[in-house]
Amino acid sequence: MTIGYLIYRNVSINNKLYQLQYDFINNLTHEFKTPVSVIKIAGNNIKSSTTLTEAEKNMYGRILDQEADKLNSLMNKLLSYAQIENKSIKFNGEFINLREFSQHICEAYRVKYPDFEIVENIKVKDELYADPVLLTSVFQNLIDNAYKYSSVDNKFLEIKIEQTKKNFVILFRDKGIGIDKKEYHNIFKKFYRVKNQFNQQGSIGLGLAFCKEITEFMGGEIKVESEVNRGTTFILSFPLDTKK
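For the sequence shown, the residue numbers in my numbering are 674 to 917.
If you are wondering where the hints come from, they were derived from the structure by calculation, not from laboratory data. None of the hints are false.
Computed cross-link-like contacts, SDA-like style, restricted to lysine to any residue with a CA-CA straight-line distance of at most 20 Å:
| no. | residue 1 | residue 2 |
| --- | --- | --- |
| 1 | Lys885 | Asn859 |
| 2 | Lys828 | Lys848 |
| 3 | Lys785 | Pro708 |
| 4 | Lys821 | Ala781 |
| 5 | Lys848 | Glu900 |
| 6 | Lys862 | Ile895 |
| 7 | Lys798 | Lys833 |
| 8 | Lys855 | Tyr822 |
| 9 | Lys848 | Glu790 |
| 10 | Lys833 | Gln813 |
| 11 | Lys798 | Glu767 |
Label-pair restraints from in silico Cβ distances:
| no. | residue 1 | residue 2 | range |
| --- | --- | --- | --- |
| 12 | Lys862 | Lys839 | 23 to 31 Å |
| 13 | Arg735 | Lys838 | 41 to 49 Å |
| 14 | Phe829 | Pro912 | 24 to 32 Å |
| 15 | Phe768 | Lys854 | 36 to 44 Å |
| 16 | Ile908 | Asp738 | 29 to 37 Å |
| 17 | Lys838 | Asn731 | 43 to 51 Å |
| 18 | Lys854 | Asn717 | 45 to 53 Å |
| 19 | Val711 | Lys839 | 45 to 53 Å |
| 20 | Glu793 | Lys862 | 24 to 32 Å |
| 21 | Pro805 | Asn859 | 25 to 33 Å |
| 22 | Ser722 | Asn827 | 36 to 44 Å |
No residue lacks a Cβ here, since even glycine has one placed at the ideal position from N, Cα and C.
Throw the hints in and build the complete structure from the sequences for me.
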């Protein structure tokens, strides 16, 4: 019975790993194919058009720029995640003014998503010692998630940054579809995707795992609080003495 159980367990684990790898490759292919297809269509339209109005030039330029950014972001995410797992990534720390840092990112997203209401509430007196490139990746992932997993008529995000006696606390609070409590222990796992109506087209399931790895790499921690159909709050915490 013991041998039979061990054989069953190994087969079950192997099947899960195979399915995980298959889903990852399938979703990764989809993630790359979508922007590539859009770029190709836009390029063909530009090539076949005899004349382009100024508005059309701006539209196609914006489309090409956005889709190229998606590809670049995906490749950087995969590369950074691999470097962290292989412990080959370098920490390029510097002191960051969190008010200016957050405002700069939020302004870019207000342009990117005009229907996205982003509210900033920042109360800090000191600067955070962190890697600005990696911290930007965490912000971008959490902001993109807040937009993606919210209904069309309720695109909202509050970014609240506070400083306690020991920590910097950064909250990302949305009014989206929320996460079931039973998923809390899974959402930060590599390649794991919560199944919902906003995730039908798939993703590679690296976003939150990436955020967790990056945050911990910089000496912080990330937690989640959520209520289905009411919204989700991601809480980042970094010690004031991160540099040490």
